[in-house]
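There are 4 protein chains.
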Amino acid sequence: MVKALTERKVLLTDCADAQGLIAGITGVCFKHKLNIIKNSEFVDNFQGRFFMRTELEGVFNDDILMEDLQQVLPANNHMSLISARRKRIVILVTKEAHCLGDLLMKNFYGALNVDIAAVVGNYDNLQELTEKFDIPFHHVSHEGLDRHQHEQALLEVIDSYQADYLVLAKFMRILTPEFVERYPNRIINIHHSFLPAFIGANPYRQAWERGVKIIGATAHFVNNCLDEGPIIKQDVIHVDHSYSALEMAKAGRDVEKSVLSRALALVINDQVVVHGNKTIVF
Amino acid sequence: MVKALTERKVLLTDCADAQGLIAGITGVCFKHKLNIIKNSEFVDNFQGRFFMRTELEGVFNDDILMEDLQQVLPANNHMSLISARRKRIVILVTKEAHCLGDLLMKNFYGALNVDIAAVVGNYDNLQELTEKFDIPFHHVSHEGLDRHQHEQALLEVIDSYQADYLVLAKFMRILTPEFVERYPNRIINIHHSFLPAFIGANPYRQAWERGVKIIGATAHFVNNCLDEGPIIKQDVIHVDHSYSALEMAKAGRDVEKSVLSRALALVINDQVVVHGNKTIVF
Amino acid sequence: MVKALTERKVLLTDCADAQGLIAGITGVCFKHKLNIIKNSEFVDNFQGRFFMRTELEGVFNDDILMEDLQQVLPANNHMSLISARRKRIVILVTKEAHCLGDLLMKNFYGALNVDIAAVVGNYDNLQELTEKFDIPFHHVSHEGLDRHQHEQALLEVIDSYQADYLVLAKFMRILTPEFVERYPNRIINIHHSFLPAFIGANPYRQAWERGVKIIGATAHFVNNCLDEGPIIKQDVIHVDHSYSALEMAKAGRDVEKSVLSRALALVINDQVVVHGNKTIVF
Amino acid sequence: MVKALTERKVLLTDCADAQGLIAGITGVCFKHKLNIIKNSEFVDNFQGRFFMRTELEGVFNDDILMEDLQQVLPANNHMSLISARRKRIVILVTKEAHCLGDLLMKNFYGALNVDIAAVVGNYDNLQELTEKFDIPFHHVSHEGLDRHQHEQALLEVIDSYQADYLVLAKFMRILTPEFVERYPNRIINIHHSFLPAFIGANPYRQAWERGVKIIGATAHFVNNCLDEGPIIKQDVIHVDHSYSALEMAKAGRDVEKSVLSRALALVINDQVVVHGNKTIVF
Chain A
1 MVKALTERKV
11 LLTDCADAQG
21 LIAGITGVCF
31 KHKLNIIKNS
41 EFVDNFQGRF
51 FMRTELEGVF
61 NDDILMEDLQ
71 QVLPANNHMS
81 LISARRKRIV
91 ILVTKEAHCL
101 GDLLMKNFYG
111 ALNVDIAAVV
121 GNYDNLQELT
131 EKFDIPFHHV
141 SHEGLDRHQH
151 EQALLEVIDS
161 YQADYLVLAK
171 FMRILTPEFV
181 ERYPNRIINI
191 HHSFLPAFIG
201 ANPYRQAWER
211 GVKIIGATAH
221 FVNNCLDEGP
231 IIKQDVIHVD
241 HSYSALEMAK
251 AGRDVEKSVL
261 SRALALVIND
271 QVVVHGNKTI
281 VF
Chain B
1 MVKALTERKV
11 LLTDCADAQG
21 LIAGITGVCF
31 KHKLNIIKNS
41 EFVDNFQGRF
51 FMRTELEGVF
61 NDDILMEDLQ
71 QVLPANNHMS
81 LISARRKRIV
91 ILVTKEAHCL
101 GDLLMKNFYG
111 ALNVDIAAVV
121 GNYDNLQELT
131 EKFDIPFHHV
141 SHEGLDRHQH
151 EQALLEVIDS
161 YQADYLVLAK
171 FMRILTPEFV
181 ERYPNRIINI
191 HHSFLPAFIG
201 ANPYRQAWER
211 GVKIIGATAH
221 FVNNCLDEGP
231 IIKQDVIHVD
241 HSYSALEMAK
251 AGRDVEKSVL
261 SRALALVIND
271 QVVVHGNKTI
281 VF
Chain C
1 MVKALTERKV
11 LLTDCADAQG
21 LIAGITGVCF
31 KHKLNIIKNS
41 EFVDNFQGRF
51 FMRTELEGVF
61 NDDILMEDLQ
71 QVLPANNHMS
81 LISARRKRIV
91 ILVTKEAHCL
101 GDLLMKNFYG
111 ALNVDIAAVV
121 GNYDNLQELT
131 EKFDIPFHHV
141 SHEGLDRHQH
151 EQALLEVIDS
161 YQADYLVLAK
171 FMRILTPEFV
181 ERYPNRIINI
191 HHSFLPAFIG
201 ANPYRQAWER
211 GVKIIGATAH
221 FVNNCLDEGP
231 IIKQDVIHVD
241 HSYSALEMAK
251 AGRDVEKSVL
261 SRALALVIND
271 QVVVHGNKTI
281 VF
Chain D
1 MVKALTERKV
11 LLTDCADAQG
21 LIAGITGVCF
31 KHKLNIIKNS
41 EFVDNFQGRF
51 FMRTELEGVF
61 NDDILMEDLQ
71 QVLPANNHMS
81 LISARRKRIV
91 ILVTKEAHCL
101 GDLLMKNFYG
111 ALNVDIAAVV
121 GNYDNLQELT
131 EKFDIPFHHV
141 SHEGLDRHQH
151 EQALLEVIDS
161 YQADYLVLAK
171 FMRILTPEFV
181 ERYPNRIINI
191 HHSFLPAFIG
201 ANPYRQAWER
211 GVKIIGATAH
221 FVNNCLDEGP
231 IIKQDVIHVD
241 HSYSALEMAK
251 AGRDVEKSVL
261 SRALALVIND
271 QVVVHGNKTI
281 VF
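Residue numbers (our numbering), protein chains in the order written: chain A, 1 to 282; chain B, 1 to 282; chain C, 1 to 282; chain D, 1 to 282.
Incorrect hints may have been included.
To be verified - When the alpha-carbon atoms are kept at most 30 Å apart in a straight line, the in silico DSBU-like pairs for lysine-lysine are as follows:
id: 1; chain 1: D; residue 1: Lys9; chain 2: A; residue 2: Lys250
id: 2; chain 1: A; residue 1: Lys38; chain 2: B; residue 2: Lys38
id: 3; chain 1: A; residue 1: Lys38; chain 2: B; residue 2: Lys31
id: 4; chain 1: A; residue 1: Lys9; chain 2: A; residue 2: Lys31
id: 5; chain 1: A; residue 1: Lys87; chain 2: D; residue 2: Lys250
id: 6; chain 1: B; residue 1: Lys278; chain 2: A; residue 2: Lys38
id: 7; chain 1: A; residue 1: Lys250; chain 2: D; residue 2: Lys250
id: 8; chain 1: A; residue 1: Lys250; chain 2: D; residue 2: Lys31
id: 9; chain 1: D; residue 1: Lys95; chain 2: D; residue 2: Lys33
id: 10; chain 1: A; residue 1: Lys38; chain 2: B; residue 2: Lys33
id: 11; chain 1: A; residue 1: Lys38; chain 2: B; residue 2: Lys132
id: 12; chain 1: C; residue 1: Lys250; chain 2: B; residue 2: Lys38
id: 13; chain 1: C; residue 1: Lys95; chain 2: B; residue 2: Lys132
Bear in mind the hints are in silico, worked out from the structure with no lab data behind them. Since we're looking at a predicted model, the values are computed, not measured.
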């Protein structure tokens, strides 16, 4: 006789707010003999919307569980039951090594619970670094191609890896809506400023010119507007008058890589729910 | 006919961990038609202990609610149902004004949801400041009294105010176990160091001598051991070689008052559960 | 015979960069038997500009000292020799108490080395608080007056106090260029956002709508453009999805008052040099 | 005719305080036609000691410069004139990869201005990682050796590299005074706690047991007492009740590597002066 397998899954609930939701959902889980490892909820009172993340352990019968849950939830709910498996990512880069290097290194010593399926660059200078870690690197140059052609070439490579998420680790090309729609809320970008300050190009130069005393970085999902998607994580460091624009950029790199890897850790751990142009981070 | 009053209460649960606790508790709340405003739980896997804070709104029948909850909980549970009313505090001081001043001022403009019933000092130099805010000040000098006599004198004043919490806002006298037992987990102290570094007297001097690059402050409940109770909140600031011990103390005052008032806000909002020598801060 | 008085003064130098400036200036100070307590310099290599702050102690003969310094400096230099005396400020407020309250309280217990000459409000609700501290409050309502008339009424009160600096402690009126020119680089404002993000009205609402994970405050000198003067100090706090716009504003108040009082401390200690639209903070 | 070479050097002065020191030293530099790029000074008023760091550019005649400087300095001064060349380090490790990995990666993409001459480990599990970056790895096991023998074996390898600094990147062996004396103020250690809290073994376990709300890391020079040398850099992160000791350790690793690499950057840039058991960080 086969012993049923104990698994861990995350149940994400997103529905209209109503009385009894927590009792209803956790009651169903209890009926299914699932142990709740961790439960977090948030009600957006402004929009009357209920969100819950429930980390479950036990023997899952997914179909019956989802059916039972539908009985206790309002209509038009979004539920997802996500296996706590390692996620697959493809990393896109241009020339800068610090974010890619940090992800490769953290992954190497087991601090990022992710499979890096491949790295794709529109330049080839990060190939050597990537291959040190036995990860395939694809050089997909944009030269001689229009934006559409370049994205087609990228997608041919990327799609083949069936990644859960694309990570733009200082990928300095603007993606078209067509590209973004292929990976809805599945593209994570690191922007080298504390958004919404200094949107667009050369934010450290802008920051230096404005004489700010703090610089930052923002990790966000990419949607169709430049620098406009739901923010996952932000952090800052203090600077002073003695920093040149170049030194701000150098200091900023440490924040960028730290914010990107922490944002990625939240996402792959199924702690981030997108809600309109915002995120709920459980 | 009288319309039943809608109230807000916080239900704190502390019991042995078991399956179905969230479902059970929230199910009872639902049955009582209580709306869950906010629910947070924590399981201490190391000790197999379950903690939950449930913010409820509705018409309460306390006795029946507690009875019903007992049906779904393991034996030896601790439950408390706390009305979301303003707490009363008595503040104890010695000579330094910054923590007291901050509490008085924040309370004046409505940023601390608390009633300051009285201020008690073993010196009288903070009387003028206290009375600016129309709060009674009691000068209970320790001079000529032994520790026991002084504490008796203090308790005579303090007990009369029936405070929920005593706040030691730089009260520089060590309390005896007898005193502390009168207010178990109800005395909040601000210690002028990042505990457990620099326990005891003159921590800024110690910090300066050690050449640390960071100094901090710790708000904690007082138990019978000096500087040893459950920590509620800590924070730090960066310093450098140019700070004298005096300048460290001056810079530290800002952290002290900020940590104390944030810790107090958590406590009076019923967000802090004491668990052995630690706190769970929901 | 009269013994000459030992004083402390700060010498601020701002001139074209050249070789030998530190040697030249400190050599003159040495010749004058002035002891250098602290010396800080900064060269803006981008603009070829030299800045130095020299804290001096001794018996000053100001005229001869300045003459001697001119011998070692390039033409078109700006030098100022500032007595280390307590500065006088006038605080302007509208309705919010937290920044004013913090300044009043810190000043009361000696943590701000400043004379608060008066508080001026376009509402009268902060009169009671101000007068607790025996500081004159002037209610100069804007009602029924056009902007020019209101500013005239304000200036009549303010000018009479001969303040070194005006501190806008949540003064919610936009000042005209004519007003600002009366106090060049002498008006300090606290802006309730991390500039340049969320310029203009209702920044916490904007921050909430954008779903940011960090909010901040900016203290800056006021020049002719709204929210555009040289930044003195900035700080931030982390927030999350659970904050409403109102809760962000509440949390932001603590940063606002902290940033304003730290910026003011730098300014009155003659540590801040304005250089174009930026500051050098020694 | 040979054109003299323009170089950059750092002049570090450490002497009894006296009037005219800045003027004297910078006057000599001016006489030598050396341009001062950056000048920072600090007076320890408690001990009457003067420290200055002067970054110079020009054509150096070291012997005459040092002779001339002796003319303007009190007796018993310590002066060093350090060429702004890349420093050589040897990294010692045990089993943990995060600090080593961070140094290797940052160095690879040019964010650490240092030559990593070799990595020495008492286990061999970090050999593969080190060699990815074409840096020699030496496995010097402690097994079967007493402390003295092991240190001899280490020194044989280390000494051959003529390193400026040894970096203990989670090297979990206690060094003897004999070893430490070979590299006075030249061994940099990362301690996995906010010293002086949690001295000794298993600090994260200690931190968890104490229920602290902040954990940290400390980079310091190693002297003869365990965890006792001059502190170079410290930083912290906030934790809460939900962290197990293991999760604290995991979160702490990010602080450890960040603190170590920032401390190393300060040291190799000749910004750190050791003064008794403290550092002055210019």
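Here is how each hint holds up against the structure:
Simply put, Lys9(D) and Lys250(A) have alpha-carbon atoms about 23 Å apart, close enough for the 30 Å limit, and the pair holds. A threshold of 30 Å between alpha carbons decides the hint, and for Lys38(A) with Lys38(B) the separation of about 15 Å falls inside it, so the pair holds. Restraint check for Lys38(A) and Lys31(B): the C-alpha separation of about 23 Å stays at or below 30 Å, so the hint holds. As the CA atoms of Lys9(A) and Lys31(A) are separated by approximately 16 Å, the hinted pair is consistent with the 30 Å bound.
Simply put, Lys87(A) and Lys250(D) have alpha-carbon atoms about 20 Å apart, close enough for the 30 Å limit, and the pair holds. Restraint check for Lys278(B) and Lys38(A): the C-alpha separation of about 20 Å stays at or below 30 Å, so the hint holds. Taking the CA atoms of Lys250(A) and Lys250(D), the gap is about 26 Å. The hint holds against a cut of 30 Å. In summary, the hint linking Lys250(A) to Lys31(D) is not supported, as the alpha carbons are separated by about 35 Å, beyond the 30 Å threshold.
Simply put, Lys95(D) and Lys33(D) have alpha-carbon atoms about 51 Å apart, too far for the 30 Å limit, and the pair is violated. This hinted pair checks out: Lys38(A) and Lys33(B) have alpha carbons roughly 25 Å apart, not beyond 30 Å. Straight-line distance between C-alpha atoms of Lys38(A) and Lys132(B) comes to about 48 Å, which puts the hinted pair past the 30 Å bound. For the given pair, Lys250(C) sits about 19 Å from Lys38(B) by alpha-carbon distance, which is consistent with the 30 Å threshold.
A distance of roughly 20 Å separates the Cα atoms of Lys95(C) and Lys132(B); the hinted pair therefore holds under the 30 Å criterion.
Of the numbered hints stated above, those contradicted by the structure are hints 8, 9 and 11, listed in ascending order.
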